[in-house]
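Peer 1: Chain residues, written in single-letter form:
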Amino acid sequence: MSGIHVSTKINGDAVEFVCDVEETLLDVLRDKLGMTGSKEGCSSGDCGACSVTVDGRLTCSCLMLGAEAEGHDIGTIEGVAKGTQLHPIQQKILDHAALQCGVCTPGFVVAAKALLEKNPDPTETEVRFWLAGNLCRCTGYDKIIRAVMDAAAEMRGQ
Amino acid sequence: MVQVTLSGTFQQVAGGISTLEIEAKNIRQLLGGLEKQCPELKSEIEKGIAVAINGTIYRDDWFQPIPEDSEVFIIPRLAGG
Amino acid sequence: MARNPDADNAPAPKAVKTSTIEFDADKAKSFKVVGSRPPRPDGMDKVTGRARFGADMVMPGQLVGLILRSPHPHAVIVSIDTTEAEALSGVKSVITRDDFAENADHHDVLCNIMAREKALYEGHAVAAVSATSKAVARKALKLIKIDYQILPHVTDVDLAMAPDAPLLHADMITSGVSPVPTKPSNVAGRSEFGHGDVEAGFAQADVIIERDFKTAATHQGYIEPHACVANVGADGMSELWCCTQGHFHVRQVCASLLGIDVSRLRVTASEIGGGFGGKTTVFIEPVALALSRKAGRPVKIAMSRDEVFKASGPTASSSMNVKIGVTKDGRITAGEGEFRYQGGAFAGAPADFGAMSAFACYALDNVKTVAYDVVTNRPKGAAYRAPGAPMSVYAVESVIAELAGEIGMDPIELRLKNAAREGTKSSYGPKFGSCGLVETLEAARDHPHYSAPLGPNQGRGVASGFWFNFGGETCSTLNINADGTVAIAVGTPDIGGSRAAMCIMAAEELGIPYERVRTIVADTSSLGYNDTTEGSRVTFSSGMAVIKASRKAVTEMCNRAAMIWDIPAEAVTWEDGHAKPSGANAGDFEPMSLAEIAASASKTGGPIAGHHEYNADGAGVSFGTHIVDTEVDPETGRVDILRYTVVQDAGKAIHPDYVEGQFQGGAVQGIGWALNEEYIYGEDGRLQNAGFLDYRMPVASDLPMIDTVIVEVPNPGHPYGVRGVGETGIVPPLAAIANAVSAASGVRLTELPMSPPRVLKAIDDAKVAAQ
Numbered sequence: 024m025s026g027i028h029v030s031t032k033i034n035g036d037a038v039e040f041v042c043d044v045e046e047t048l049l050d051v052l053r054d055k056l057g058m059t060g061s062k063e064g065c066s067s068g069d070c071g072a073c074s075v076t077v078d079g080r081l082t083c084s085c086l087m088l089g090a091e092a093e094g095h096d097i098g099t100i101e102g103v104a105k106g107t108q109l110h111p112i113q114q115k116i117l118d119h120a121a122l123q124c125g126v127c128t129p130g131f132v133v134a135a136k137a138l139l140e141k142n143p144d145p146t147e148t149e150v151r152f153w154l155a156g157n158l159c160r161c162t163g164y165d166k167i168i169r170a171v172m173d174a175a176a177e178m179r180g181q
Numbered sequence: 023m024v025q026v027t028l029s030g031t032f033q034q035v036a037g038g039i040s041t042l043e044i045e046a047k048n049i050r051q052l053l054g055g056l057e058k059q060c061p062e063l064k065s066e067i068e069k070g071i072a073v074a075i076n077g078t079i080y081r082d083d084w085f086q087p088i089p090e091d092s093e094v095f096i097i098p099r100l101a102g103g
Numbered sequence: 006m007a008r009n010p011d012a013d014n015a016p017a018p019k020a021v022k023t024s025t026i027e028f029d030a031d032k033a034k035s036f037k038v039v040g041s042r043p044p045r046p047d048g049m050d051k052v053t054g055r056a057r058f059g060a061d062m063v064m065p066g067q068l069v070g071l072i073l074r075s076p077h078p079h080a081v082i083v084s085i086d087t088t089e090a091e092a093l094s095g096v097k098s099v100i101t102r103d104d105f106a107e108n109a110d111h112h113d114v115l116c117n118i119m120a121r122e123k124a125l126y127e128g129h130a131v132a133a134v135s136a137t138s139k140a141v142a143r144k145a146l147k148l149i150k151i152d153y154q155i156l157p158h159v160t161d162v163d164l165a166m167a168p169d170a171p172l173l174h175a176d177m178i179t180s181g182v183s184p185v186p187t188k189p190s191n192v193a194g195r196s197e198f199g200h201g202d203v204e205a206g207f208a209q210a211d212v213i214i215e216r217d218f219k220t221a222a223t224h225q226g227y228i229e230p231h232a233c234v235a236n237v238g239a240d241g242m243s244e245l246w247c248c249t250q251g252h253f254h255v256r257q258v259c260a261s262l263l264g265i266d267v268s269r270l271r272v273t274a275s276e277i278g279g280g281f282g283g284k285t286t287v288f289i290e291p292v293a294l295a296l297s298r299k300a301g302r303p304v305k306i307a308m309s310r311d312e313v314f315k316a317s318g319p320t321a322s323s324s325m326n327v328k329i330g331v332t333k334d335g336r337i338t339a340g341e342g343e344f345r346y347q348g349g350a351f352a353g354a355p356a357d358f359g360a361m362s363a364f365a366c367y368a369l370d371n372v373k374t375v376a377y378d379v380v381t382n383r384p385k386g387a388a389y390r391a392p393g394a395p396m397s398v399y400a401v402e403s404v405i406a407e408l409a410g411e412i413g414m415d416p417i418e419l420r421l422k423n424a425a426r427e428g429t430k431s432s433y434g435p436k437f438g439s440c441g442l443v444e445t446l447e448a449a450r451d452h453p454h455y456s457a458p459l460g461p462n463q464g465r466g467v468a469s470g471f472w473f474n475f476g477g478e479t480c481s482t483l484n485i486n487a488d489g490t491v492a493i494a495v496g497t498p499d500i501g502g503s504r505a506a507m508c509i510m511a512a513e514e515l516g517i518p519y520e521r522v523r524t525i526v527a528d529t530s531s532l533g534y535n536d537t538t539e540g541s542r543v544t545f546s547s548g549m550a551v552i553k554a555s556r557k558a559v560t561e562m563c564n565r566a567a568m569i570w571d572i573p574a575e576a577v578t579w580e581d582g583h584a585k586p587s588g589a590n591a592g593d594f595e596p597m598s599l600a601e602i603a604a605s606a607s608k609t610g611g612p613i614a615g616h617h618e619y620n621a622d623g624a625g626v627s628f629g630t631h632i633v634d635t636e637v638d639p640e641t642g643r644v645d646i647l648r649y650t651v652v653q654d655a656g657k658a659i660h661p662d663y664v665e666g667q668f669q670g671g672a673v674q675g676i677g678w679a680l681n682e683e684y685i686y687g688e689d690g691r692l693q694n695a696g697f698l699d700y701r702m703p704v705a706s707d708l709p710m711i712d713t714v715i716v717e718v719p720n721p722g723h724p725y726g727v728r729g730v731g732e733t734g735i736v737p738p739l740a741a742i743a744n745a746v747s748a749a750s751g752v753r754l755t756e757l758p759m760s761p762p763r764v765l766k767a768i769d770d771a772k773v774a775a776q
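The listed protein sequences correspond, in order, to chains E, B and A. Note that my numbering numbers the first sequence so that position 62 is 85, with each residue one more than the last. Note that my numbering numbers the second sequence so that position 58 is 80, with each residue one more than the last. Note that my numbering numbers the third sequence so that position 656 is 661, with each residue one more than the last.
I should point out that these hints are in silico values taken from the structure, not numbers from a laboratory. Just so you know, nobody snuck in bad clues.
Derived pair list, reagent style PhoX-like, types lysine-lysine, alpha-carbon separation capped at 25 Å:
1. E/LYS55 x A/LYS144
2. E/LYS105 x E/LYS32
3. A/LYS188 x B/LYS64
4. A/LYS32 x A/LYS585
5. A/LYS585 x A/LYS34
6. B/LYS64 x B/LYS47
7. B/LYS69 x A/LYS188
8. A/LYS328 x A/LYS219
9. E/LYS105 x E/LYS141
10. E/LYS55 x A/LYS139
Which stretches of chain E does chain A cover? Using the computed rule of at least three CB atoms under 8 Å from a CB of chain A, they are:
11. 61-74
12. 98-106
13. 116-127
14. 155-169
Computed from a prediction, not measured in an experiment: that's the story for all the values here. For each residue, glycine too, the CB sits at the ideal point set by N, CA and C.
Construct the complete structure from the given sequences, taking the supplied hints into account.
Peer 2: Listed below in structure tokens is the structure:
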């Protein structure tokens, strides 16, 4: 069985792996690299639980092949906190109790971080539409939206 | 003596009887008495039922006491999600 | 006020001695920790992605397990040939129905997890393989040869009840009918509830409305697919890691299906990515264990989303008729309903719960509800948050809204006039104990939402609902660590933040800071049996167990202090986290803190702990009333939710953030059920929309903020007054939204979901009819 040798960067670290042609980036992260923070909810790009960033762009890792990571900068949930220092989005999610089962939370953190890096002062509607690609079945989204708006305000220094 | 009301389903199985008088101080004695008076109820009891005593629902408590003058109902075994 | 002759003269229900502790009104006035909003103990792991869910476990040497599923909705499995699959390099085990012995205790579950004589739905498991990689496993599935004899199928509940319907089970004789039927059918059972004389009641009514309703099947929609890793040793010692709402139940069923002792199977519950009732049973777990046993290596199975839709446990679809009569001045004189639910290929649709809860909000002299549990060629249904109630309440609350309109009465006033209260004879039989329906109706009526102005094409709907809530077998152990911190083990998986509530209750009892307490969910080898997390029971039952365990630990700590002070144990009390002499006569000793007592525990008799095992009862019912505003676009049929308010009785909110979360989550699942979610079957009996694109659940851009009001009518059966809250929230939304859509568009929809094509058609039909 021949594999594809891939050199890439994940959360700032140089990473190399060998994967099969049909393996998705999500498969590689979870099964080859032991990075199980990104979750598999649907494998069809509809739930956002596998959200990562590719060169800063929000992407469903289940819709990308592992081989396509060659030469790019991948950002996953594991790289959001800096050691014990949580990102404001993570802290606000805890403060607002914006999670119940928590399986969608990594996807929301990555997606919300990507939003605020692009648009530091979004309206509630803009937040809701940006996060429409992340499904949550437990919370009804109310507390998640509040947490993201609150994090945005804190990051703006307000 | 306790007066027991069978909810509709069990009424059908018991041949149309809706209330019974049973000598019982706890749920176990109640179930035993029910089976004796209405043998047709045995299979339903085995499948699983619940007993409501004065509005509180008990699902498995054999030795739960039944005070005098209690309102006792036999209802389907409830579960949630 | 509605006349209920029973309530007029009934003595209040006598307090029955229970295994639980009664509500302590004095303590409730001075809670120090209960009712606060501290961070949850598992939160950090969840925001960083460190928490481990079902598919996140890896065991050394593990194989990939895949399941072969029937492409036909109904077929005899004539033969299965696995020789080629077994011979494929990399395949380590192949199993079929022949690898499972008959099982009287769990016959239906066994047939569901691996088809025996017949495939009964598209997606029904027929064989499984374990292999060294997914690619090899997929190839192996393709090599399994199955000879199917295709049979006619039926997926609609009413068609399945027809005399000429294709028959699923040759031995299915309808239970609950007299005389017993002589021929089999697809009707597993009939149930009936009620009291009084509905015919006489209707004769007294000034206005009677009778309607037919239909709801489609929906799925709980948890984001985490079922996943597990099974590891069976050569000596039969087995471990199973799985996402489940009840690992003790999983252990019991799997041990039985595999023919091993319960003590040889150790099940660990992973963090669970949503359940809502859908993970209270087994699907892939016995298969993974059987594959592992045959292969001699761990086997991991994770369902794909397609498999989750086709082969886990959706909720029932329904066909219902409801008839209600009222007088001009708003007294309900009679209520009648027939509820036909299909629960998939095996018996167990929650039709009886639907019939029991349909009229639960009302004090009625005359009520009759009949339920039919019907089987069809669809996946076997599992529980979904207040199983059976959302559908039947949708029907009843829709008719109530129409009646209110007919007699020109405010819908909340109509409900208040007929509301169930303490002492009311419920429509399912027993009298209600303490309950908070009236409080939620009044809070809804007085809420600013109820009187806010509405614009064009906008309408407001209201509905009430309830759920029984349960207790069940529950165990908890509490250990005092030498440094004065506390470790608690419970056996009920945490699906909504309950570990935080456990820590709060223990901190309250022990008188120590919340941060000093840590709660984990222990595996099946570490605690006695615990019933599943369901029935809104965890905060109530595990909470009570934790409170009792805490009190036992407190007793022991007082004993230790008594020993140290050389005074009788009765002379020591516990206050604010300290042991104190109970009075001046007992002696002049400085209070000893929990930490101090813990530090010397090894010298005063050994480690200090408390534990409690019991069968909980005394769970209090929870009522709720929802208000929703919608806007209906008359050109497209699109429905927008403008504003939503949940008012629900929690008894006592231990951690208000998580109570609010349950209210909001239940409401949004209800919004999805009402507006967009449905299982769509083709003529071929196959599911057409087995993915999140076409099974359309609410997303953030569909919704406004969901406002919540926590009403607290204490449950007398719990020391803090706790009532379960997880399920009631999904019961009112279907009707509340249907009522709002009706108010906004002028048309009454009696079929769910109210997707744009249906709403548009109803609007267009009404226009034509008006001409």
